[in-house]
Every structure is written in C-alpha cells, then in structure tokens.
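Chemist: The chain contents come next:
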Amino acid sequence: MQTLSITSLIKDSPSAVAILDTQLRFAGNSRVWLNDFCPDHESILGKNYFDVIPHTPEKLKSILCECLENGSRNLSEGEKFIFPSGKIQWLKWKINAWTNSDEEIGGLIVLLEDVTKTKRLEELYQKAERVARIGGWEVDMTTNFIYWTDITKDIHEVPRDFKPDLETGINFYKKGEHREKITNLITNAIADGTPWDTELIIVTKKGNEVWVRAKGEVEFLDGKCVRLFGTFQDIDEKKKTELKFLEATQRLEIATRGANVGIWDFDIVNNQLFWDDNMYLLYGIDKKDFNGVYEAWQSGLHPGDKIRGEKEIAMAISGEKEFDTEFRVVWPNGETRYIKATAVTQRNADGKAIKMTGTNWDITELKNTQMMLSKSQESFFGAFENSDTGMAIVSINGKWIKVNQSLCSSLGYKEKELLKLTFQQITHPEDLQNDIELLNQTIAGEIPSYRMGKRYFHKDGSIIHGILTVTAVRNINGKILHFISQVTDITPQIENEKKLTRLVDITSEQNESLLNFAHIVSHNLRSHSSNLAMLTKFLVKEESDEERQNLLGMLSGASDSLNETILHLNEVVQVKVGALEKMKSINLYDSIKNVKKNLNLIIQEKNAVCEINIPKNLMVSAIPAYLDSIVLNLLSNGIKYSSPDRKPLIQISSEVNEENIILSFKDNGLGIDLNKHREKLFGMYKTFHRNKDAKGIGLFITKNQIEAMSGKIEVESTVGVGSTFKLHFKKPLT
Amino acid sequence: MNMNITKIKSVCIIDDDPIFIYGTKRIMNEVDFADEIIIYNDGLAAFDGLKAMTKKGEELPSMIFLDINMPIMNGWEFLDEFVQLPNNNSENITIYIISSSVDPRDIARIHEYKVVNNYILKPISVEDLHNILKHVGS
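Chains as they are written, first to last, in this note's numbering: chain R, 1 to 734; chain G, 1001 to 1138.
If you're looking for bench data, these hints aren't it; they were derived computationally from the structure. Each statement offered as a hint is correct.
Stretches of chain R that chain G covers, calculated by requiring three or more beta carbons in the stretch to come under 8 Å of a beta carbon on chain G:
| # | stretch |
| --- | --- |
| 1 | 512-523 |
| 2 | 527-533 |
| 3 | 554-567 |
In silico DSS-like links for lysine-lysine, alpha-carbon gap of 27 Å or less:
| # | chain 1 | residue 1 | chain 2 | residue 2 |
| --- | --- | --- | --- | --- |
| 4 | G | Lys1025 | R | Lys537 |
| 5 | R | Lys647 | R | Lys726 |
| 6 | R | Lys537 | G | Lys1134 |
| 7 | G | Lys1051 | R | Lys676 |
Quick list of the computed label-pair ranges, beta carbon to beta carbon:
| # | chain 1 | residue 1 | chain 2 | residue 2 | range |
| --- | --- | --- | --- | --- | --- |
| 8 | R | Asn563 | G | Lys1009 | 39 to 49 Å |
| 9 | R | Leu515 | G | Glu1112 | 15 to 25 Å |
| 10 | G | Val1126 | R | Leu515 | 32 to 42 Å |
| 11 | G | Ser1062 | R | Ser556 | 33 to 43 Å |
| 12 | R | Glu605 | G | Lys1007 | 48 to 58 Å |
| 13 | G | Glu1112 | R | Asn600 | 46 to 56 Å |
| 14 | G | Glu1112 | R | Asn440 | 52 to 62 Å |
Remember, predicted model here, so these are calculated numbers, not experimental data. Glycine residues also receive a C-beta, built at the ideal position from the N, C-alpha and C atoms.
Chain G extracted, bound-state conformation (with noise of 0.2 Å):
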C-alpha cells in the first residue's frame, strides 16, 4: 500500500440498488477505504439522516457516493436540499456522483454543484476507490 493513501473516516453510500451497495461494501472492505459505511436508499432517507446528525452535533461523513436515479428523492433534488443544510463540516464534505447515466445532461448538470467532486461511471472499481484516496491525500 502506498504511503499516501489515508484512509477515509467516514463513508455514506446512497442508492437504492442493493446489489449496488453490496458490491460497493464489498469493494471498500477489500481496500480499506473507509473506518464507518453508512447506507441510506433514497435521497429523502439520506437527507432525513444526514439533518439528524447535524441536530445531533455529529460530524457528517466526509464522503458521499450519490446515486442520481433514486425513487422518491433522486440525487439531484438530494443535492438541492442538502447544500441548505446548517453544516459544520461541509466543506470537508466530497461528494462523487455514482451513476450508470451515461446521458451527457447528467454529467453535465454535476458542474452545477460545488459540493460535488466528480461523476463516477458504475460498476464502482478498486481503482476509482484507490483514485479518490490519493486525490484526498494530496
């Protein structure tokens, strides 16, 4: 393992495919990416936890893989409200878009959003998960 690579504290998957987030799990325990998984299965759930926490004083996860296309709240109107959340930590916050959307207005619309770090293409693999500890890290 490379030097460089800091391991990432606290991850917060959310998607509402559980094959999805079993392989993602899967591949983050494989490389030790993250300390703490948290998975929520749609854009409101997430949004409902992520405000708890913040009410709580709790420190928000440091990442988030975002799902796009998500029933009741898709990642985009997840990403509308939760810009508007009071946070303490936001800008420590990287969120990666996780979609299999390969239609140019998605990836496009990702500009709109300072939050949000990068657009990454499903199936998650080793190396986008070994990319992203070293972007953190340098």
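Bound-form chain R, shown alone (with noise of 0.2 Å):
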C-alpha cells in the first residue's frame, strides 16, 4: 500500500499537486488541486486530465504528452493564456515524469499555480510606469550595487544594460543647483533618514535637459543605512507647461499692476472672494485690517452704490445682465474714487453660475475729464445761448445745426425757420464767393479760420451788415466736425455810417453852396450899390431936368432891384434854414389842385390847359409853404415859357416807388438846352430865355426846397419840345 500512501500524502500539500499515470488520469491529487483547477468534482482520481480540465491551453497539453514520452520535466514562471472567450489566465506549473520500480516511466507529477492575479497586477504596474514615466531605483548600500528600471534608463536616454553607480547617477543632474540639490538630499538622507521628494533638470545621455521629480526613502538597520530607494518621474512636459503659466502669471500680475487693473475672483459656490493686491490698492486700504474681502468690499463701496451694485451682481448671477458697470469707492482718507468693473461669469453644465471673475480698474482722472469736459460744454453752451453776438454751429455744407437768440433776432428768424436754411441761402451774392472760398480754404487745413465783413439777407428783405468769424471744429483724427459762426451784426453801425457819410456831404454841399451864396450876395449888392453910386453921382452933376428925371427913375429902380434881391436872399436863407421837422403828411392832389386855382387867371390868359393826374388820396411828406412854393414855380414856369407856336399843355402826374413819390411837371414848351444849360440850371440868377419876368430865381429857389425836404429835383427836356420836371418826395410815415 505504498502507492496509497503517497497519494494520502499529497492530499494535504499546500500546493496544488496532482500525480497522473502513463494515460494521463489522475492517480493522486492534493485538495488545494481540487478546490483551484477542479471545483465541480467531488474526485478526480482515474480520470482523464483533459476530461477533467477540458479547456486547458494546447502548449500545456503538449507539454505534458513531451515530458510523459520523453520522461523529461518542465518548468515555467508563469505562461499567459488566453482563451477563446478571452478569458486571461497566467499559469505557473513544473512537471517531472515519475519512474516505478521497474524504472519505467510511471506517470506525471504535475504543480500548478494560477498566478492571474499576480502576474495582472504586475502588468498594470509596468503599464502604469510606463504611462505615467515612472521609473524606479534602489542602491544597495553594501553592495554599492544601483538598480534601473527601464523607465527611469529611458528617462535618462540610456541603452537598456547600461549599468549605472551611485556617482554616475548624480552627475546626470545638471551642473550646478541641480546637482547640488540632489547631493545634498541625499547625504540628509544617509545621515538622518530625511526622505526627498523634488523637481530637478537632468541632462540625459543624449545631452537633452529634463525636468524629472525625485522621489527618494532610506532603510535603516542597526542605526546604518542599507538601502536607498525611490522613484524617478518625468514631468518635463508639466513642468515646463507650469512654468510657462507661472510666466504668464507674472506677467499678467505686472500688466495688471501697472495698469492699476485689480482682479478679483468670486466662488459662488462656497461664497468666497478673492481679490489681488490690486484690488486693495484701489480700495485704497490694507489686507490686514480686514477679515475677509467681503468685509473690505463692503466697507469700501460707496453707501449710495451699495444696493445697485449687489443687484448688478444677482443680475449677473441669473444671467439677465452681463456684469459691467461703474461705481465709487470711498478712500479711508476721504478721497471718492470712480472704479469701472466687468467680470465673466462661469457656469457648470447645467448653466448653474459657480464662479465670476472680474477686473476693477481706476477711472477717477477720465471721470473728472468728463466732468470738466461737460462742464466746459455747459459753460460753452451758456456763452452761445446768451452771447450778444450771434453764434452758430454750422454743418460742413452750411447747414444751421445750432443757432442761438442774437443771431435769430439779427436775421428776424424765428430758430425753427432759421434750422431749416443753410448760410448760402440768406447770404446776399456778392459776398458769397468770398464766404465760401475762405470756407474751403478752412477745410483745407490752409487757415485755421477766418474773419470777414458780409452780408445777409432778413427776412423782410433788407440788408444785414454782419462781421462773420468762422472757425472749423476737428476732432482727434483732424476731422472737420462742424464750424463755429460767430456774427457780429454791425447794421446799426453801417447805417450811422451812411447817415454820417450823408451827413458830411450834405454839410461840404452846404458849405460849398453858402460859399457861392456869398459871393452870388456880394454880387448881387455890389452891383446894386454900385449902380446907385454910379446913378447918383450923375444926379449931383447932371444940369438937365429932363435927365434929372430920367436919372431919379433909374435910381428908383436900381433901389426897387436891390429891395428885390435882398427879399431873394431872404427867401433863399429861410430855405436853407428850413428844418427837416416841419415835415407833415400832406395830400399832394389837394396842395396841386389850391396852387392851380391861384394861376387860373394866367392859365387862363395863356390858353393853357393844366392836367392833374394824382391819385386823390396820394399823400406826401412835405413842408406845406415849400410844396406850395414848389407847384407854384414848376407851374408858373410851365405856363412862361410856353412856345409861342402851340396851346400851352401842362401834364402833372405821379408814380409811386418804393422809396418815394415821383411828381411829374411835363409841359410842351420852348424847352431848355440842357447840354449847355444843365449846370446852370437850378443856380441863382440863371435865366435861358429873354423873358422880362425871368429872375433866374424860382428853380433855385425850387432845388433848394426839395432838397431842403431830403428830396431831389431831375429834369428831360428837349429844345423846342418841351420839359419834364420830376421831384422825388418822401413817403409820409406811417
């Protein structure tokens, strides 16, 4: 009962053993077998391996059919298998063949081991070091003898048998802090069993820098350290990517700085703030003394922005608003400045807000800009709207874009009227080329603007004097945006000029006529005297009665002409002082129609027809006495200087213009040659025909009347045709 007893031995093996004979069936198995490879049976023995393990792997089979022929062994550290289902089972077996007494091969001893679970997590972690770059490494310190794994030999770009030493190993660390580093590390560790975890450049074989995380531990025995050893990690591409963002970091920080930019940070989630030192900068207050941002937040915002910006802040939250506003903030000094906030706001998936980030930055200076800048707009717009000068802002096509009350009342313009023009439209013509050459010339950038007299049109029509400057408003760029008009209305100015012209020239008339008035009085009544002295002297002498009486007649009339004379004189000095403010309103048809009836006797004598043709109700502004004088003269002179060969027609009529009222005399009479005569005409003493009554008086007397009233006296005539006299009158006021 050898055989029995063997097999009641391996029955309780550890391992799982099974022994098999020559056809392969189970001749002795250990429980460990039963409970691993065969689970379903109660037993096994003298049954057929392979019907008791059907699926077992073709290699396995074979191998066990090799060694039972051959009687050899086998032995594997563990095969992996994979199964049609895909099941993986790692296999771990050695087989010997027995041989009997006989010394023949008896059967198999067959040990297997499933070592799956083993041999999967190994795997895992050879996959997982290779993923993730982790090498590892251990020095016997004993032995002085230092192991690699392969990553950590790729990592330093290494043949897979280099064999490295302690001392080679660290002068892979770069030159310098590196490599200071790490010894230092290392030799704490030796001393005193400090572990090391850090990130240092290696330059690898290949001369390429690295930057690798040392991971290292000690083992101590009896108080000696035995063992080094740790892992060795490539995160160049981590750290060269953090340092970039540290870069980046930085720079964003000096950007931010130097703008003044605060960034501040909003956990919406955990409700947390975070500021940068910026942020206290512009608050204007010290990190210390404040618990939290929130507290310093609070304490720093303007009471009366308080509730707006909390409420910008939920608004940003629901999504309804993006986060972008103004607001102030009170300095512990006192001082308010003006902050401008934007922020992003982030969200989850599900669109649920976790996080705002923004940026505050000071914009106190372009505030107060604002301010000065609306400030000085309000000022401007005050000066414009209560400017005497008229003022206006002008479109580059002359447009009126603003106007302000002088320049209306000036033009007569009510503002809406006034809007709807442009400067072309109401300026008189001849001065427009010159407006607008000088505008392009503005426009050119030739001057910066310009100034000149001009004028314009009211709106009733009459002439407005104006002193135009004009000046181009441009904005940054250069850009013209609009002019500026300013005119000074010199109407007023121009027509005291005119009068005063007026006046300078009526006064060198004056004085020039008052010059000939004296000499025509000096010679008018020199030879008077001079005839009386003459006559009188002969009277002394003269013997002869007759010539006595004679010379007494002519003395008589000598003196009747200097009575005469003097009474012209008079007449013509009463003209000359005539004042302009006994002027009335006078109905010329009746002043004509009362004259004619006082000349109806030599009208009627002379045959001559008279006709008025006046407008009845036609009213004149006029010295009464001088009209009188006047119609008397023009008259009088009609019906004298008749032609002797033709009935004697007196036309009167008049017309009306727009300034005065024209009288006309027109008669068909001798006619006066007025090439010869047209100075003389009106002077004192001047008489053109041989008549006895002509005193070369009346239309002298005449010119100086009308002229005397602010009117004029014109004269058409034609020898042997006849004469037209015309007088211009005022209009009577109304």
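Two chains, two frames, some hints: make the complex.
Modeler: Right under this line is the structure:
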C-alpha cells in the first residue's frame, strides 16, 4: 500500500499537486488542486486530465505529452494564456515524470499554480510605469549596487544594459543648483533618514535637459543606512507648462499692477471672494485690516452705490445682464474714486453660475476729465445762448445745426425757421463767393479760421451787415466736425456811418453852396450898390432937368432891384435854414389843386391846359409852404416859357416806387438846351430865356426847397418840344 | 487931354444891366472914348451879332467890355464861343471883363483866356477908361 500512502500524503500538500499515470489519469491530487482547478468535482481519481480540465491550453497539453513520452521535466515561472472566450489566465507549473521500481515511466507529477491575479497586477504596474514615465531605482549601500528600472533608463536616455552607480547617477543632474541640491538631499537622507521629493533638471545621455521628479527614501538596519530607493518621474512637459503658466501669470500681474487693474474672483458655490493685491490698492485699504475680502469690499463701496452694486452682481449671476458697471469707492482718507468693473460669469454644464471673475480699474481721472468736459460744454452753451454776438454751429454743407437767440433776432427768423435754411440761402450773392472760398481754405486746413465783413438778408429782405468769424472744430484725427460761426451785427453802425457820410456830404455841399451864396450875395448887392453910386454921381452933376428925371427913375428902379434882391436872398436863407421837423403828411392832389386855383388867371390868359393825374388820396411828406412854392414855381414856369407855336399843355402826374413819390410836371413849352445849361439850370440868377419876368431865382429856390425836404429834382428837356421836371418826395411815415 | 490918348474906333458893351449900360455909355461920352458903342444885353445876342458882322466881312469892334453874370449865355460861355469865330482882326481885339463879382475864382479864371486883357470891377470910372486908353496908346 505504498502507493496509497503517497497519494494520501499528496492530498494534504499546501500546493496544487497532481500525480498522473501513463494514461494521464489522476492517480492522486492535493485538495488545493481540486479547489483551484476542479471545484465541480468531488473526486477526480482515475479520471483523465483533459476530461477534468477540458480547457487546458494546447501548449500545456503538448508539454504534458512530451514530458510523459521523454520522461523529461518542464518548468514555467508564469505563462499567459488567452482563451477563446477572452479569459486571461496566468499559469505557473513544474512538471516531472516519475518512474516505477522497474525504472519505467509511471506517469507525471504536476505542480500547477494560477498566478493570474499577481501577474495582472504586475502587468498593470508596468503599464502605469510606462504611461506615467515613472521609473524606479534602488541602491544597495552594502554592495553599492545600483538598480534602475527600464523607464528610469529610458528617462536618462541610456541603453537598457546600462550599468549605473551612485556617482554616475548623481552626475546626470544638471551641473549647478540641481546637482548640488540632489547631493545635499541624498547626503541628508543617508545621515538622518529624511526622505526627499524634489523637482530638478537632468541632462540625459543624449544631452537633453529634462525636468524630473525624484523621490527617495532610506532603509536603516542597526542605525546604519543599508538601502536607498525611490522613484524617478519625467515631468518635463508638465513642468514646462507650469513654468510657462507661472511666467504668464507674472506677466499678467505686472500688467495689471501697471495698469492699476485689480482682479477678483468670486466662488459662488462656496461664497468666497478673492482679491489680488491691486484690488486693495484700488480701494486704498490694507489687506490685514480686514477679516475677509467681502468685509473689505462692503466697507469701501460708496453707500449710494451699494444696493445697485449688489443688484448688478445678482443680475450677472442670474444671467440677466453682463456685469459691466461703474461705482464709487470711498477711501479711508475720504477721497472718492471712480471704479469701472466688468466680470465674466462661469457656468457649469447645467448653466448654473459657479464663479465670477472680474476686473476693477480706477477711472477717476477719466471721470474727472469727463466732468470737466461737460462743465466746459455747459459753459460754452451758456455763453452761446446768452451771447450778444450771433453764434451758430454750422455743418460742413452750410446747414445751421444750432443758432442762438441773438443771431435769430439779427436776421429776423425764428430758431425753427433758421434751422431749415443754409447760410448760403441768406447770404448776399456778392459776398457768397468770398465766403465759400475762405470756407474751402479752412476745410483744406490752409487756414484755421477766417473773418470777413459780409451781408445777410433779413427775413424782411433788408440787408444786415455783419462781421463773420468762422472757426473749424476738428476731432482728434483732424476731421472737421462742424464750424462755429460768430456774426456781429454791425448794421446800426453801417447805417450810422451812411448817415454820417450823408451828413458830411450835405455839410460840404452846404459849405460849398454857402460860399457860392456869399459870392452871389456880394455880387448882387455890389451890382446894385455900384449902380446906385453911379447914378447918384450923375445926378449930382446933371443939370438937365429932363435927364435928372430919367436918372431919378433909374435910381428908383435900382433901389427896387436892390430891395427885390434882398427879398430873394431872404427867401433863400429861409429855405436853407428850413427844418425837417416841419415835415407833414400832405395830400398832394389838394395842394396842387389849390396852387392851380391861384394861377387860374394866367392859365386863362395864355389859354393853357393843366391836367392833374394824381390819385386823390396820395400823401407825401413835405413842408406845406415849400410844396406850395415848388408847385407854383414849376406850374408858372410851364406857362411862362410856353411855346408861341402851340397851345400850352401842362401834365402833372405821379408815380410811387419803393422809397419815393415822384411828381412830374411835363410841358410842351420852349425847352432848354441841357447840353449847355444843365449845370446852371438850378443856379441862382440864371435865366435861359429872354423873358421879362425871368429872374433866375425860381428853380434855384425850388431845388433848395426840395433838397431841404430830403428830396431831389431832375429834368429832361428838348428845345422846341418841352420839358419834364421830376420831383422826388419822401413817403409819409405810416 | 494927353497927346498919347487914342480914341477907340468901335467899342462893344455886353451886359444885361440897363443901368450899367447907361452909366458906362455916359462916361464914355464924357471922356470921348470911342467913335461907336455897340450894346448887347446877353452873351448870345452878342455872339450872334458879332458872328453876323464877321460874315458880312465887317470889322469887329476893337474893344469888348464883357459882363460875366448874364442870362442865356454868360460871359465865360460867350468867350468859349467867341474864340472859335473865324475872325480877321481878332488879334487887335482887346477884351475887358467888367463884373461886380469879387469871387477870386472868377478873377483867376480870366487867365484861362488869352484874349482877355484885364478884369475891371464895377462900377467903371473915368479913371478906368483913361488907363485903358493909355494902355492901348502905348
């Protein structure tokens, strides 16, 4: 029963052991075998191996057969099998043939172990090592033997058969701080067991610089370091990214500090607010004076902006409105600063706001500039509105954009009416070209502004004299936005100037006529006085009574002439001093009718016809006595100097133009040669016909009278056909 | 009477003042000034008369007393016309302006007319006529 006893011994073996006969039938097995490989069987004794374990890998099948045939042994530390079902099984075996007493092969002893679990873990570690590029290493301090895993070798870019020692290992670290640092760390670890974990640069065999993370620990035995071991990880990519990120962050920090931009971050989920250092600067406060950022923010915010600020943040979180606002902060020293704030809200996949990141920057300067600008605008418009000078903002095409009251009243338009017009429309045509030329020069940038005297048309059609100053307003790029025009209304001055010129003209005319008058007076008086003297002398000597009578007659005539001359002179002087204030509104027709009545006798005598074609209601502004005198003179002249060849016809008519009433006396009398006599016609004591009663005073006085009434007299005449005298009267003031 | 005094053959007075004409004629007769005195009452009448004489080939008066202020054609206008008359003895004609005017502009104006000899202020006196005769004689 030897055999049986062996079998029963095997039964309790701690490993999975089976004894097979030459037919590969189980002759014995351990309980572990039954558990591990045939859990469904109660007993497998006498059963064929392949019947019991049908899915034995083909390779193992042939090994079993081979060992049985040759009596050889086979060993495997672990073999991976993939079954058609996809199942992976790692098996470890030891197969031996056994011989009976006859030295014949009696069967096989099989030691089988399922190492799938262990092997799988091992494989995973290896994979992880490769993927994470984490290598391992170990130094045996007693033998100074150093071991590197393949990944560690790969990181160092050395061949797999490379044999490092501690020194060569250290020398891979970059010379300088990196090598010094690792040396110190290892020295310390050996000395007192401090583990290390550091990030350093190594220079690989191929000369590449690579960032690595080196971790190490030590093992002590009896207070002596016996082993160093650790991991070695390639973190080059991560490290470089990290460094770049750090660089970018620093750059951002410099930029934000330089630009006075504060950055904040609000973790909505955890209700935490974070500020960078600039934020504290912007709020003029010290970080350490506050327990939390929220407290700091609340204390800095201007009370008037608190509610709005909170509301705007709530709106940003709810997604109603992006956070983009301005608010005030009050510094501890009481100074108010303006802050511009914007933020971006980050949301999770569900659209829920989880974080807000924002910026603050100080816009106080900008705000102050804005306020100053708006103040200066206000004061400009104040000045604009209240200026006595006409002012306007004019577009490039000449349209009025804005006009002030003064300009409106100068031009007689309402603001609305004026805004519908262009400056071209109300500029006097003679001044328009000059204006436009200067304007174009301004647009071209040849001149910054210009100034010119020009005429505008008032709404009522009258002329407004102005001094125009035009300045171009440009934007920062030099493009013209509009023009500012200033118009000083100098119409009253121009009118005064005209009046003054007229006054000067009248004065010099009067001076001239006074001088003439003085000579005329002197001449006339002298001629009469010399006659008187002469006649008296003759009279004294004369003895003949008859001649004395003749002389006395002449003496009396001369004295009458002297008298008459003095009367004329008096009349002229009266006209000269005639005052305008005596001007009245007179019915022209009535006046002429009256004068005509007084002349009825001569009219009848001469058998003359006098037609009056004047509207009966026509009024003129005149001094009544002068008007009578003028009409009497012209009417009687017309009769006096009638042609003996035809029946005298005098036609009196009127016409009215814009400024004057023109009264015409047209006769068919002798006529006057105006080529010869025009200049003397209205002179004193000028006569042109050998009429006894021609005194040469009538037209002189008529001219003086009409001029005294601010009117004038004109004449047209043809010898032998007749004359027309035209009198210009002022219209009465209505 | 002075031996140098030469009697004027024919004198012409152009003036619109009848009293002046009367007086001048009377004085001329007193001093035996001229053989013949021709009178015109205005410039135009004088011009027409003198022109007619020229046409007839008659000799014009050798002396003219001319007033300035006259109706129709004054003294200046007469002169303007007169100098243009084709005249065979114009060089021998002496013209005196006789006027009451003391206007310096009138006196200055005589220089514009070569034919005008002098300006005599009215009234004309015996002395004036004597001086004229002396001047003519010399």
